[in-house]
Amino acid sequence: MLLRKLTEACGAPGQEGEVRALIRSEIEGYVDEIRTDALGNLIAVKNPSAPGPKVMLAAHMDEVALMILGIEKNGLLRFRPIGGIDPRVLVAKTVLVGEKKVPGVIGSKPIHLQRPEERQRPLSIDELAIDIGAKSQEEAEKVVNLGDCAYFATKFEEFGQDKIKAKALDDRVGCALLIELLKQNYDIPVYGVFTVQEEVGLRGAGVAAYQIQPDVAIVLEGTTASDVPGSDPHKHATSVGKGPAITIMDRTVITHPPLVRRLIELAEEHNIPYQIRRTNTGGTDAGQIQLTAGGTKAAVIAVPCRYIHSAASVMSKKDYEAAFRLTSVYLQDLQEREGN
Amino acid sequence: MDIKQLFQDIASNSGVSGYEDQIADQIQEACPWVDEFRRDTLGNLIMLKKGKAQSDQKVPRVMLAAHMDEIGLIITKVEKEGFLRFSTIGGFDQRVLLGQEVTVHGKETYRGVIGAKPPHVQSPDEQRQAVKLEDLFIDIGFDSAEEVEGKVAVGDLATINQTSWNLQGSFMAGKAFDDRAGVAAMLECLKALDDLNFSAEVYAVATVQEEVGLRGAITSTYGIVPDVGIAIDVGFGDQPGLQEFQTIKLGGGPAIGLGPHVHPTLHKRMVEVAKEWKIPYSLDPSPYPGGTDAYAIQVTQAGIPTILLSIPLRYMHTPIETLDYNDVKLTGRLMAFFIAGLDNEFVEGLKCF
Amino acid sequence: MKEIIRTLTEAFGPSGYEDQVREVIADMIKDHVDEISTDVMGNLIAVKRGTAPEGKRIMFSAHADEIGIIVTHIDEKGFLRFSNVGGLAPETLIGNRVRFSNGTIGVIYKEKGDLKDLNLDKLYVDIGAESQEEAEAKVKVGEFGIIHREFTDLGNRLVAKSMDDRIGCAILVEAIKQLQDTPNTLYFVFSTQEEVGLRGARTSAYTINPDLGIALDVTLTGDVPEGPRMEVSLGKGAAIKVKDSSMITNPKVKAFLTKLAEDNNIPHQFEVLERGGTDAGAIHLTRDGILAGTISIPCRYVHTASEMVDIRDVEACVDLVKAVATSDLKDLM
Chain A
365 MLLRKLTEAC
375 GAPGQEGEVR
385 ALIRSEIEGY
395 VDEIRTDALG
405 NLIAVKNPSA
415 PGPKVMLAAH
425 MDEVALMILG
435 IEKNGLLRFR
445 PIGGIDPRVL
455 VAKTVLVGEK
465 KVPGVIGSKP
475 IHLQRPEERQ
485 RPLSIDELAI
495 DIGAKSQEEA
505 EKVVNLGDCA
515 YFATKFEEFG
525 QDKIKAKALD
535 DRVGCALLIE
545 LLKQNYDIPV
555 YGVFTVQEEV
565 GLRGAGVAAY
575 QIQPDVAIVL
585 EGTTASDVPG
595 SDPHKHATSV
605 GKGPAITIMD
615 RTVITHPPLV
625 RRLIELAEEH
635 NIPYQIRRTN
645 TGGTDAGQIQ
655 LTAGGTKAAV
665 IAVPCRYIHS
675 AASVMSKKDY
685 EAAFRLTSVY
695 LQDLQEREGN
Chain B
11 MDIKQLFQDI
21 ASNSGVSGYE
31 DQIADQIQEA
41 CPWVDEFRRD
51 TLGNLIMLKK
61 GKAQSDQKVP
71 RVMLAAHMDE
81 IGLIITKVEK
91 EGFLRFSTIG
101 GFDQRVLLGQ
111 EVTVHGKETY
121 RGVIGAKPPH
131 VQSPDEQRQA
141 VKLEDLFIDI
151 GFDSAEEVEG
161 KVAVGDLATI
171 NQTSWNLQGS
181 FMAGKAFDDR
191 AGVAAMLECL
201 KALDDLNFSA
211 EVYAVATVQE
221 EVGLRGAITS
231 TYGIVPDVGI
241 AIDVGFGDQP
251 GLQEFQTIKL
261 GGGPAIGLGP
271 HVHPTLHKRM
281 VEVAKEWKIP
291 YSLDPSPYPG
301 GTDAYAIQVT
311 QAGIPTILLS
321 IPLRYMHTPI
331 ETLDYNDVKL
341 TGRLMAFFIA
351 GLDNEFVEGL
361 KCF
Chain C
1374 MKEIIRTLTE
1384 AFGPSGYEDQ
1394 VREVIADMIK
1404 DHVDEISTDV
1414 MGNLIAVKRG
1424 TAPEGKRIMF
1434 SAHADEIGII
1444 VTHIDEKGFL
1454 RFSNVGGLAP
1464 ETLIGNRVRF
1474 SNGTIGVIYK
1484 EKGDLKDLNL
1494 DKLYVDIGAE
1504 SQEEAEAKVK
1514 VGEFGIIHRE
1524 FTDLGNRLVA
1534 KSMDDRIGCA
1544 ILVEAIKQLQ
1554 DTPNTLYFVF
1564 STQEEVGLRG
1574 ARTSAYTINP
1584 DLGIALDVTL
1594 TGDVPEGPRM
1604 EVSLGKGAAI
1614 KVKDSSMITN
1624 PKVKAFLTKL
1634 AEDNNIPHQF
1644 EVLERGGTDA
1654 GAIHLTRDGI
1664 LAGTISIPCR
1674 YVHTASEMVD
1684 IRDVEACVDL
1694 VKAVATSDLK
1704 DLM
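In order, the protein sequences belong to chains A, B and C. Per my numbering, the very first residue in the first sequence carries number 365; after that it's consecutive. Per my numbering, the very first residue in the second sequence carries number 11; after that it's consecutive. Per my numbering, the very first residue in the third sequence carries number 1374; after that it's consecutive.
Note that these hints are calculated values from the structure, not bench results. By construction, the Cβ of each residue, glycine as well, lies at the ideal position given by its N, Cα and C atoms. Each hint can be trusted.
Taking lysine to aspartate or glutamate and the EDC-like style, the derived pairs with C-alpha atoms no more than 20 Å apart in a straight line are:
1. Lys-606/A x Glu-1509/C
2. Lys-682/A x Glu-521/A
3. Lys-1625/C x Glu-1635/C
4. Lys-1609/C x Glu-156/B
5. Lys-1550/C x Asp-1407/C
6. Lys-117/B x Glu-1635/C
7. Lys-1513/C x Glu-632/A
8. Lys-127/B x Glu-1599/C
9. Lys-142/B x Glu-1599/C
10. Lys-161/B x Asp-149/B
11. Lys-599/A x Asp-1448/C
12. Lys-1483/C x Glu-1449/C
13. Lys-142/B x Glu-1647/C
14. Lys-464/A x Glu-372/A
15. Lys-1429/C x Asp-1704/C
16. Lys-599/A x Glu-1449/C
17. Lys-682/A x Glu-522/A
18. Lys-1625/C x Asp-31/B
19. Lys-1403/C x Asp-1392/C
20. Lys-599/A x Glu-1509/C
21. Lys-90/B x Glu-1599/C
22. Lys-361/B x Glu-382/A
23. Lys-437/A x Asp-248/B
24. Lys-87/B x Glu-157/B
25. Lys-14/B x Asp-204/B
26. Lys-1627/C x Glu-1647/C
27. Lys-285/B x Glu-505/A
28. Lys-599/A x Asp-1490/C
For the chain A half of the interface with chain B, some residues (derived, Cβ under 10 Å), not all of them:
29. Ala-376
30. Glu-380
31. Asp-512
32. Val-560
33. Ala-572
When you get a sec, could you build the whole thing from the sequences and use the hints?
Below, the structure written as structure tokens:
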């Protein structure tokens, strides 16, 4: 399954090579042109010279990870998160380090040696290190380089009712949607952009949009869902299983009102479940795309994911399918209204 | 021209973010290794050095960027007793300001000292706390707002007085080494290029307003659109209070950046060049792409392959920043050899991932 | 002028949904400019062509949007929960009213609990609905609302919601009406989404690419009991910005504006704002850099329902805008 391959691949911001290669192999033959740019964005184009509005669909390839910044004399690896990771989720996890995917564990002081009050306090990142079983700095340096990244060693699994568990659903779920959308036929120019470095500040999307200067952009995302015990209903943001989330506003964008209205109309006409994203926090590539050059109409369609930016996030296959249908229906609609 | 001397001169002079003209003038007057000088709208000093290629041949365009601005103080209010209240331009540690001697740049320049309520009249609680920025003031020796009027106004700047000092060996201390040391490294590079055979067009930019948001790099890169961008800034040197893996060693040569802000192929090539020419270097991996001009250069227009070189520096953002001048020279040398090795094929390849 | 201010401050226009403000302004100025258009980001751009062949292109920008709320949840009893659009301090909201685009009015109040723990998650809006269905018939999740408050004339001092930055808009409208032929071509931008990050100014400046950009926006004052330590005061004239967090004014532009004010006997003061930014912050970093400045209107109680300005400062700002519009930019270039 596509999403399995995508989520088990590793790609920290700036180190998206494995994900990029995988995506390239999936879309080759379905698009007219594939290129990369100076930052490593993968840009796939369908019908570049067709008349009609130029659409940019974007999903980011990168995921949050841990960057190795130092190797201690005893062979332990010191690190810092690259992208936003709550340090409290790190302790006692298994990880894979670097391109060679060297197995390691994130250790901490055993509970036996902790004072009771210590157990109340979250572990700071300086109390954590990755242990790959190397006995010395020299031994560790044989398999790990400074700047390598470590990833949660999470396996993709289907479970429960239509649910999927995996790491990096943010935003491999968007990448999967975009790959499948590129396999369909359109009459208008469609630019599928797999962006880099979203997690460290929406870095790739802006330069890609500058090259393309699209008329309309849809960002495909995995977004936060907090429909869990202990969270008040008005803080849920999105709920898993209730359809893709449409963004009105987040920290980086107020989406184009007429475009959002059209998405909602289409969802209702076609009986596609959807929800309005109910928080103004977080950010997506749409923030950069919208403000490129003279401005672009932008919207975000996102699959709700619980426990985002942690070792294992959870989503619903039904939301994925509905997100695919909604985007697809929108592209057909745009083609009919504005294409030739 | 002795670049080390020029470095000491510009570091001792004032050039707060947004007000860098004097520094740019000083550099321009002292710099014989440049074919063309230009200032852009924000005041970036753009120094073009042409390679030895035929006139109409396409050549790689390289941008070097080191910022010439420094953090400073700005007057916000004149108290009726003649004391001046101030805010900062750029990130000052408020704890280092107390008791500093300053120059206030009003109608003329005025000597002043930064004062606060004396410890004797502070409560024990207050004494345990750092003096807050808003409680500090500059005393320029006038006794009333009336006396100050016409001399100093809201919006005038103040800078800390500190000329550069020579410490042991090639170590030096002073203010504004962040990032006039980078400017010096850039000039060392231009000078070294005189003795090398290179084809690239080199745009060495002394950027403005880095300390307030990389602003000069944003606009200068837009105007130049280089094939390769090299930012030169200072990095955290080994000093008390920091863990070893967070620092780079003084005297160990430039630190070659690694992370999202650095193009992987440029990193690889820079390390190869250092090894080939036996230039000592260290690696400086960082998960945070921000904080230097490289961040702004990278996302200009359609995207620019960038790399960051860091000169080790202790006590950053204080008036006694400390470095080893050898690291500055080595950084210049490394860049010169890197530039000499550039060709079109290499820069075209930077878009192929 | 006061009527213009009343109309503009009572209009509905949270960030991203500035349509009504745009319509009102377009109607006010349409007979006085050569061209009016709206771009992708919703910026209203009015052009007044210059008469001199050597005239320059000047962009004036005042933002049309205001801070507001976005509805994030409607509970089974019909209460609304919300998040902020732009900078809202929760303590200023309790007991205040909000208005939605269809005219629905609601009251903001708080859950029980200590005031020092107050945040937006603890506030809700009561629109008088008795059930979720009744509420949803009037207001939808994702809908934007604004603070509801009428304009009040206190004589020299005027109070209203959204003086930030409808007062800037009013100044441009008034200047447009007063200006005769000018040598320079003038682009008046009523920009969008300033309160969420200077967004409209960024794209419009890119498109217009002017020789000089001037933002009109409010600034804080230090003339209130135990207020911020700054010298700007109501009634002391147009404030020429030296620095805020979005821009350090180019010293040439600062000197240019100061000289214009002095030459034309326009009351003025200098402003250093420790936090906050204006459209000029976005304009000056556009393309390879654009000369820019900000003319600030001193304003008390910014980002509350009762923002206060002084009409004499407002008039000084109109005069300074006119002086810039008719000036020779040769010395500045």
